[in-house]
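Engineer: Residue strings, one per chain:
Protein chains: 2
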Amino acid sequence: MGYLEENEQDFLKYVKKMRAYQEAINLLFWDLRTGAPKKGVNQRAEVYSVLSSEVFKMSTSEEMAAYIANLSPHENSLPEITKRILQECKREYNQNKKIPHQLYKEYIVLQSKSENVWEQAREENNFKLFQPYLEKIVDYKKRFIEYWGYDEQKYDTLLDLYEPGMTVAKLDQVFAELRNALIPLVQKIKLSPQNINHDFLFQRFPIENQKAFSMEVLKRMGYDFEAGRLDETIHPFEISLNPGDVRITTRYDEYDWRLAVFGTIHEGGHAIYEQNISKELIATPLCNGTSMGIHESQSLFYENFIGRHYGFWTYHYPLLKNYSNGQFDSISLDQFYQAVNVSKPTLIRIEADELTYCLHIIIRYEIEKALIHDQLSVKELPRVWNEKYKEYLGIQPEDDRTGVLQDVHWAAGDFGYFPSYALGFLYAAQFYQQVQKDIPEFPFLLEKGNLQPIRKWLTTHIHQYGKLKKPLEILQEATGEGINPKYLIDYLTKKYGAVYSI
Amino acid sequence: MGYLEENEQDFLKYVKKMRAYQEAINLLFWDLRTGAPKKGVNQRAEVYSVLSSEVFKMSTSEEMAAYIANLSPHENSLPEITKRILQECKREYNQNKKIPHQLYKEYIVLQSKSENVWEQAREENNFKLFQPYLEKIVDYKKRFIEYWGYDEQKYDTLLDLYEPGMTVAKLDQVFAELRNALIPLVQKIKLSPQNINHDFLFQRFPIENQKAFSMEVLKRMGYDFEAGRLDETIHPFEISLNPGDVRITTRYDEYDWRLAVFGTIHEGGHAIYEQNISKELIATPLCNGTSMGIHESQSLFYENFIGRHYGFWTYHYPLLKNYSNGQFDSISLDQFYQAVNVSKPTLIRIEADELTYCLHIIIRYEIEKALIHDQLSVKELPRVWNEKYKEYLGIQPEDDRTGVLQDVHWAAGDFGYFPSYALGFLYAAQFYQQVQKDIPEFPFLLEKGNLQPIRKWLTTHIHQYGKLKKPLEILQEATGEGINPKYLIDYLTKKYGAVYSI
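Sequence order for the protein chains is X and Y. Our numbering numbers the first residue of the first sequence as 218 and each following residue consecutively. Our numbering numbers the first residue of the second sequence as 218 and each following residue consecutively.
Please note that the accuracy of each hint is not assured.
It does not matter which identical chain is used: a pair holds within one copy or between any two.
Listed below are the simulated DSSO-like cross-link pairs for lysine-lysine, each with C-alpha atoms no more than 27 Å apart in a straight line [claimed, not checked]: (1) Lys255 x Lys496; (2) Lys322 x Lys307; (3) Lys230 x Lys330; (4) Lys256 x Lys496; (5) Lys255 x Lys233; (6) Lys274 x Lys234; (7) Lys234 x Lys330; (8) Lys230 x Lys274; (9) Lys496 x Lys687; (10) Lys234 x Lys256; (11) Lys230 x Lys255; (12) Lys345 x Lys330; (13) Lys654 x Lys436; (14) Lys233 x Lys256; (15) Lys234 x Lys255; (16) Lys371 x Lys314; (17) Lys687 x Lys315; (18) Lys255 x Lys428; (19) Lys322 x Lys234; (20) Lys230 x Lys256; (21) Lys274 x Lys233; (22) Lys274 x Lys687; (23) Lys673 x Lys255; (24) Lys436 x Lys256; (25) Lys314 x Lys234.
These aren't lab readings, by the way, just hints derived from the structure by calculation. Values in this document were obtained by computation on a predicted structure and should not be read as measured data.
Turn these sequences into a full structure, and let the hints steer you where they fit.
Structural biologist: As structure tokens, this is what we get:
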């Protein structure tokens with residue numbers, strides 16, 4: 218074995234070790250959320266922090282620096298996978314190393330305080346309380362950008378953390394087109410005389426039956442229960458320990474079965490992505506979804522393009538009826554389909570339907586970009602927020618609790634994250650368009666409850682690659698074009714036009 | 218801060234980190250047994266091994282060697298806890314470091330093969346298949362003893378791994394006294410004309426109800442469900458992540474509720490020990506039970522001295538009846554008490570009752586000691602095993618599957634472990650004697666279902682200390698004397714004399 222090969226082997230061993238730590242950390246997290254006894258939580262936090270800081274140290278160690286220095290000049294003679302691992306490690310190394318350690322430590326303390334104050338501020342409906350913390354967070358973020366550097370615009374650097382390759386220039390154009398189409402569409406539907414009854418949805422549906430139905434749907438989607446499990450938590454999530462162990466959680470409301478059912482379909486979409494990453498990538502940093510946006514495209518593809526599709530319910534409505542307490546006995550499939558596709562502007566993002574969801578995101582994007590680019594100050598936030606809600610959705614929060622204080626993201630310093638949600642929906646619409654081209658029998662498959670060919674298409678074009686390909690490569694290769702809001706706009710216009718007969 | 222204090226602080230930080238790793242490892246283990254998806258198991262084994270070898274490295278690192286070298290000369294000026302931590306680390310350091318690394322690695326490979334072969338040999342009822350592996354295991358153990366060193370007898374060194382301070386000299390005497398009392402007692406009971414009916418025990422008892430009853434008993438014992446949880450596994454166990462998170466598992470048999478009920482009481486006894494270790498010891502290597510024997514004394518105290526006590530069932534029998542399907546409707550408390558205290562020699566250790574249990578252990582002790590001391594060769598095992606069963610219990614296995622091949626311990630190299638089970642029972646009898654002296658209302662407390670004062674007594678005298686005190690110190694300070702088999706012999710003679718009217 219030559220020197221380069223030896224170095225490569227050592228490097229792979231090193232990242233394998235880091236990955237093992239990460240799996241342990243993920244298990245600690247999962248356990249904490251699903252059932253760890255509360256009296257052990259303090260000590261558990263200690264354990265979590267010891268292992269996390271160990272992984273951080275490994276990612277920025279002299280050993281890592283040496284691997285990067287030794288292997289980078291030979292990048293092109295390395296096997297493709299090693300090359301991408303190296304790039305990933307380099308990206309992380311730079312991200313962690315460029316910020317002075319002291320500054321980063323201060324930031325971590327601030328971040329944790331800021332989340333606590335945000336919680337209190339939201340409870341007391343008092344933005345002023347939170348304002349000085351948010352000002353500091355924004356300030357740190359801007360300083361970080363100076364250390365990390367940027368090409369065209371400062372906010373690009375934050376975008377790149379969550380959606381590698383995405384830029385403000387691109388996003389401004391895409392979101393503007395989307396916004397300009399959605400605002401009048403939402404407005405039209407609001408004025409539609411169509412009155413959809415959906416009261417029948419909210420009757421008692423036994424939790425055990427919700428669970429049984431959700432599990433049937435998950436299995437049919439292709440979620441592999443031998444490589445995962447379903448538990449219950451207040452805030453549902455998906456977490457991947459390795460492709461053979463991808464866990465999801467959900468929440469049950471006895472009087473609103475939609476929460477659990479659409480929630481498990483959503484988390485199931487995330488999980489199916491992780492379960493189908495190529496085994497070659499196990500124990501490497503490439504063994505996760507390639508970006509927040511592509512990840513969200515998979516959950517939204519299943520939740521909206523499959524789970525709210527007429528054909529899906531053609532097959533599943535009779536099953537749902539069987540599990541229910543009779544609440545659907547006099548309800549036709551058409552009535553049911555309309556009811557689960559009701560659209561109405563809401564103040565709260567996480568309660569938004571598919572038609573209005575992207576407008577919530579665009580509002581946040583415009584605001585956080587302006588903050589980072591010094592075109593807006595933190596104290597102006599509540600006013601600007603309310604104006605934008607009025608302008609885009611035609612409704613206005615009565616207080617900051619249901620307005621600017623509703624999300625934890627800014628308090629946690631997660632600037633650049635929000636766009637992923639809308640990007641995921643845009644990508645999903647493009648995949649939806651393409652899968653129908655590649656599998657013309659798509660609607661019939663749904664009607665027959667046969668979702669396997671669809672899952673296979675997603676695995677072939679998306680899942681298997683993990684982080685081996687960048688998000689925009691995935692999109693380009695799967696659909697033959699770059700990001701294009703036309704597909705989502707068409708989908709929403711057609712679908713809601715039909716639902717509301719406009 | 219002086220140099221010594223600084224060094225002490227660094228040392229404590231170092232052991233805290235090791236302990237954090239251990240907690241993560243324990244969670245990985247627990248998860249694997251309770252519900253990890255099977256397709257993730259291979260990668261999980263990898264993670265487990267990475268973290269375990271990291272802890273091993275830390276325990277034998279140059280950094281550890283330096284702490285030991287720097288702090289040991291000042292041992293007596295260190296705070297008591299630090300001093301004991303240092304001793305514990307030194308013990309572990311020597312244990313791990315004295316064996317040449319290569320030899321130890323060979324042994325680990327052999328051990329894993331040996332367990333596999335043992336499983337096959339047991340299945341095929343073929344001792345010959347296992348014999349060469351066991352010969353090698355014994356050989357390695359003897360070589361290890363040479364490296365570790367020994368004072369009087371070689372087997373002492375193995376005993377010390379599980380029961381610090383225990384010796385062959387002591388154990389020979391204690392076990393001889395116990396054996397000489399038990400053999401005739403078992404014989405007498407076998408000949409007793411008393412025929413105890415216990416068929417009514419084995420009716421269908423719904424698993425949900427077994428669980429509910431077990432949980433009620435656990436709560437009453439003082440097991441804190443805010444610092445633990447109960448899950449289901451094939452082989453029940455207790456595992457401590459930290460005193461605020463001590464988990465137990467159990468197994469349910471619909472037609473034998475005793476498995477789950479006495480099983481949870483047993484594991485609950487282990488868990489209550491760990492839950493009540495002083496908070497001062499958290500994040501140190503002292504934060505576990507002090508030895509296998511003392512640990513077993515706590516599980517057996519609860520299982521036998523409480524859980525099979527007449528007074529316990531005075532209170533709990535009506536509860537059990539409520540949870541049952543009516544199987545006890547015509548059964549009096551006296552009949553019930555007798556039925557759960559039936560004694561009959563069995564071939565299988567883990568099915569043995571309290572009267573015969575120690576004889577199973579003594580047989581194993583005598584055999585493994587003879588193996589280590591070159592007074593017996595591996596190929597003679599089946600014959601010697603069968604002869605001893607005939608002599609001590611009056612029964613003889615028909616094959617090695619129900620004889621010498623029944624336990625995994627020797628295949629796994631766990632020589633020196635078996636005595637802990639009997640020691641635990643002996644200690645428990647001594648604690649039982651003492652607690653009745655210190656709390657004269659002991660039987661009335663059981664009758665009232667008030668187990669709290671008993672739990673408190675155990676915490677005061679045993680639990681709180683963790684590894685801060687050695688097993689024999691604990692025993693001496695709690696009962697005012699050293700190990701003495703008289704108490705267990707008296708207890709068994711009286712109890713079984715009464716049950717069998719002899």
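Engineer: Look at each hint and say if it fits the structure.
Structural biologist: Evaluation of the provided hints:
no., hint, in the structure
1, Lys255 x Lys496, "between (36 Å within a copy, 15 Å between copies)"
2, Lys322 x Lys307, "within (21 Å within a copy, 35 Å between copies)"
3, Lys230 x Lys330, "between (37 Å within a copy, 25 Å between copies)"
4, Lys256 x Lys496, "between (38 Å within a copy, 12 Å between copies)"
5, Lys255 x Lys233, "between (32 Å within a copy, 21 Å between copies)"
6, Lys274 x Lys234, "both (12 Å within a copy, 14 Å between copies)"
7, Lys234 x Lys330, "between (32 Å within a copy, 25 Å between copies)"
8, Lys230 x Lys274, "both (16 Å within a copy, 17 Å between copies)"
9, Lys496 x Lys687, "within (18 Å within a copy, 49 Å between copies)"
10, Lys234 x Lys256, "between (30 Å within a copy, 20 Å between copies)"
11, Lys230 x Lys255, "between (36 Å within a copy, 24 Å between copies)"
12, Lys345 x Lys330, "within (15 Å within a copy, 66 Å between copies)"
13, Lys654 x Lys436, "within (25 Å within a copy, 61 Å between copies)"
14, Lys233 x Lys256, "between (33 Å within a copy, 19 Å between copies)"
15, Lys234 x Lys255, "between (30 Å within a copy, 22 Å between copies)"
16, Lys371 x Lys314, "within (19 Å within a copy, 54 Å between copies)"
17, Lys687 x Lys315, "within (23 Å within a copy, 51 Å between copies)"
18, Lys255 x Lys428, "both (25 Å within a copy, 21 Å between copies)"
19, Lys322 x Lys234, "both (25 Å within a copy, 20 Å between copies)"
20, Lys230 x Lys256, "between (37 Å within a copy, 22 Å between copies)"
21, Lys274 x Lys233, "both (15 Å within a copy, 17 Å between copies)"
22, Lys274 x Lys687, "within (26 Å within a copy, 38 Å between copies)"
23, Lys673 x Lys255, "between (41 Å within a copy, 22 Å between copies)"
24, Lys436 x Lys256, "between (36 Å within a copy, 16 Å between copies)"
25, Lys314 x Lys234, "both (20 Å within a copy, 23 Å between copies)"
The structure shown violates none of the earlier numbered hints.
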